[in-house]
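**Student:** One-letter residues, chain by chain:
Number of protein chains: 2
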Amino acid sequence: MKVAKFGGSSVATAEMLKKVADIILSDPERKFVVVSAPGKRFEGDIKVTDLFIELGQCYVKDESIEPALNRIIDRFHSIIDELNLNEKMLDEIEKSIQHILEADNFSPNRLDALKAMGEDSLAKILSEYLKSLGKQASYVNPKEAGILVSNEPGSAQVLDESFDHLYALRDREGISVIPGFFGYTKLGELMTFPRGGSDITGSIVAAGVKADLYENFTDVDSVYCVNPSIIKHPKEIKKLTYREMRELSYAGFSVFHDEALIPAFKAQIPVCIKNTNHPEKPGTMIVSERDATNGPVIGIASDTGFASIYVSKYLMNRELGFGKNLLEILVDEQISFEHAPSGIDDMSVIIRENQFPQDKEKRVVQRIREELHVDTVSVERDLAMIMIVGEGMNSTIGVASRATEAFARANVNIEMINQGSSEVSMMFGVKSDKLVPAVKSLYETFFK
Amino acid sequence: MKVAKFGGSSVATAEMLKKVADIILSDPERKFVVVSAPGKRFEGDIKVTDLFIELGQCYVKDESIEPALNRIIDRFHSIIDELNLNEKMLDEIEKSIQHILEADNFSPNRLDALKAMGEDSLAKILSEYLKSLGKQASYVNPKEAGILVSNEPGSAQVLDESFDHLYALRDREGISVIPGFFGYTKLGELMTFPRGGSDITGSIVAAGVKADLYENFTDVDSVYCVNPSIIKHPKEIKKLTYREMRELSYAGFSVFHDEALIPAFKAQIPVCIKNTNHPEKPGTMIVSERDATNGPVIGIASDTGFASIYVSKYLMNRELGFGKNLLEILVDEQISFEHAPSGIDDMSVIIRENQFPQDKEKRVVQRIREELHVDTVSVERDLAMIMIVGEGMNSTIGVASRATEAFARANVNIEMINQGSSEVSMMFGVKSDKLVPAVKSLYETFFK
Chain U
1 MKVAKFGGSS VATAEMLKKV ADIILSDPER KFVVVSAPGK RFEGDIKVTD LFIELGQCYV
61 KDESIEPALN RIIDRFHSII DELNLNEKML DEIEKSIQHI LEADNFSPNR LDALKAMGED
121 SLAKILSEYL KSLGKQASYV NPKEAGILVS NEPGSAQVLD ESFDHLYALR DREGISVIPG
181 FFGYTKLGEL MTFPRGGSDI TGSIVAAGVK ADLYENFTDV DSVYCVNPSI IKHPKEIKKL
241 TYREMRELSY AGFSVFHDEA LIPAFKAQIP VCIKNTNHPE KPGTMIVSER DATNGPVIGI
301 ASDTGFASIY VSKYLMNREL GFGKNLLEIL VDEQISFEHA PSGIDDMSVI IRENQFPQDK
361 EKRVVQRIRE ELHVDTVSVE RDLAMIMIVG EGMNSTIGVA SRATEAFARA NVNIEMINQG
421 SSEVSMMFGV KSDKLVPAVK SLYETFFK
Chain Y
1 MKVAKFGGSS VATAEMLKKV ADIILSDPER KFVVVSAPGK RFEGDIKVTD LFIELGQCYV
61 KDESIEPALN RIIDRFHSII DELNLNEKML DEIEKSIQHI LEADNFSPNR LDALKAMGED
121 SLAKILSEYL KSLGKQASYV NPKEAGILVS NEPGSAQVLD ESFDHLYALR DREGISVIPG
181 FFGYTKLGEL MTFPRGGSDI TGSIVAAGVK ADLYENFTDV DSVYCVNPSI IKHPKEIKKL
241 TYREMRELSY AGFSVFHDEA LIPAFKAQIP VCIKNTNHPE KPGTMIVSER DATNGPVIGI
301 ASDTGFASIY VSKYLMNREL GFGKNLLEIL VDEQISFEHA PSGIDDMSVI IRENQFPQDK
361 EKRVVQRIRE ELHVDTVSVE RDLAMIMIVG EGMNSTIGVA SRATEAFARA NVNIEMINQG
421 SSEVSMMFGV KSDKLVPAVK SLYETFFK
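Protein chains in written order, with UniProt numbering: chain U, 1 to 448; chain Y, 1 to 448.
Mixed in with the good hints, there may be bad ones.
One copy or any two copies: either way a pair holds, since identical chains are not told apart in the list.
What the hints assert, rightly or not - 16 angstroms max Cα-Cα, derived EDC-like pairs, lysine to aspartate or glutamate:
no. : residue 1 : residue 2
1   : Lys313    : Glu423
2   : Lys266    : Asp375
3   : Lys235    : Asp74
4   : Lys440    : Asp303
5   : Lys235    : Glu444
6   : Lys143    : Asp164
Calculated from the structure, these hints are not laboratory results.
Here the structure is a predicted model, which means the values were calculated and not measured.
The shape of chain U in the complex, shown without the other chains (with noise of 0.2 angstroms):
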């Protein structure tokens, strides 16, 4: 039994949907479906998800709301047409919208079902369409497969409860289509996941149902082990491990959502990543474990827009708490922190620069400062963080060596080496400008 996951791109127009429809049965194992909102048709258009956040906008702020919502009627509309179905459907989405925002007063749940109304209504359509085509399929409502979140809305957390619910699915007939993205608190209020949580839906129904495998359809043939923007037409990973995605997915690899794969984790179901154009080839499969038979590095993951604060006190080694003092701080500040290499008297700490706008610069340089007499205290901006991942790594002797002097010979200054947490990966700060040069040259070494 295999859950399909369709992403944005995969269901922009009707056109992909018949794709999705041969994909579906062609293969009897995959009774499960999940799909996203209809995404970008071409570079510059606008996801339909995003179009009802606008119209949720507008809406709260008095504004017309005709534009927003005759572009998502018009999307809908076309591909209904498209697709040979029945036009009432139009009216019954119509119909929800209406439903939803005429409700007493505009809270943030009702902005989450304004978003979640992508998702769901081409969950609808694609159910017809298969119908259409002769097969058994339904449509089923996140509240009736039973996902729990709690109570946060944009940022919903499936409850454990729900996998003993979808559980219960499998002995449903014929093909289910599940809108992705949202889910039900306990007391039925629409919530939605984070940004890029139809990923996350279908992880929660693969766990659930403990599928085979669970199938990410996108746009891509397979994950890369580098950034294609950087290495053009870089190496296709065939096999990772979830520990090796996981990785790769904090810096930059956005291919799909990094904390979406978790559920399908814990237990233990395969994913396969593939190509909605191309399902012939074979994608890249993500699994617990994997031979090490493609040498130690897997992929290199690179990612801009970090900023340093280093500080130096005398004695600062003799000084029981002094770290946990400048982590505090930073909590105190809500900045979380990346890294914090340290050396005697001296520690840096590495965070995201967007939790570091200038006026809070200012106002953390000076807390350190006085709070913790240090004898200096800076900031370094503009950095980026590298990373080399894979397997076994950590084993494996000259890893280090191979990608420090991958560095050197692209004439990069390194940083910073964080190495000996992860047994998976190892990073690597640079200055900004020197990202590209740098992992250019880290695929010669490892891939080439």
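Got chain U sorted already, so can you dock chain Y onto it with the hints?
**Tutor:** Chain Y only, in chain U's frame:
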């Protein structure tokens, strides 16, 4: 004007004291002399300070003090005899000891007073000896010199006003001989510095009198670039900076007490490490700045006795305050951490094993598991740290590459790399049994 400090081995015998006198008298700039207590004369000998500690412990336990007392008296006796000094000095030393022992009750301060007797007596002997050679010299008690310290028996810290008091000593005629290792509180109580504290006194006096040079006489010709017990006849370091010395001293560079230099450092007094047995050799200069002429790495320090606490938890990265909470438990348990490398969902904390006995380990592991709800927590012992140190290393491309290659060549797996906070050092963790081959290989790389 110079301050010359002579360590325990330099004042262990009358013969050595003659060398010391020759050194002092060969340069009229050597106006201030700071001495340790007599150290070991040969492998297996007992330092006089240790005899005083033994004496105090016997007295407290109501055991016979004769054996220790006799050994102390014997040592001073032979020194006084061989230097042809008046035997009355010996009586005075004995009287002073009795005076301390017969005070009302045995408080930690009285142990401090006993511990300081080695230095104090030797300073008196040396000044008498210089006088017997027809030179103008005098014993200066730290109270008279104005060395004021905090009320922390055994780990006193100098108070700032001491430096002004010491400055007044500049006008004193002749050679001033000051016992190292102790000062007095404002209430007049004797307090010792941490062990090795004669270096501290020397450094304080040099800073106070604003010496042109602080000479630290010991039993090695210079500071070596690596531990001579690992590499035979290693390269001598001619000149290094305070920062380099401080980093090197952290991990196994035991030429002298690593925090002793700070007063000299703050006053920008250059320091020279010299050999009492070869005073004609140039020794090692420790300065504020140096030309980076000898390549980026000046020394390799290494030390065993580290342990690592590994913690993993899904979505740790998303949990604001996790790092702070982990360090808080350690602070609570009076454990100071050395380094804290972190992955995405895991973090390791490197600590010194001597802070982490088995019973404490059990409690800490339990607390981490229960209070932080982690997925995994484990402890690894028998780790060693290897540090390469050098000014400007941070801006030299390729140092990390050469270093990590050295580990690979020695077939040593790197358990941890910590680089990025200190500009002058890079730290590597390895299993303890890999320390020697790793250091040898690094030496080959950077010094051959």
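**Student:** Please name the hints from earlier in the document that this structure breaks, with their numbers sorted from lowest to highest.
**Tutor:** The structure breaks only hint 3.
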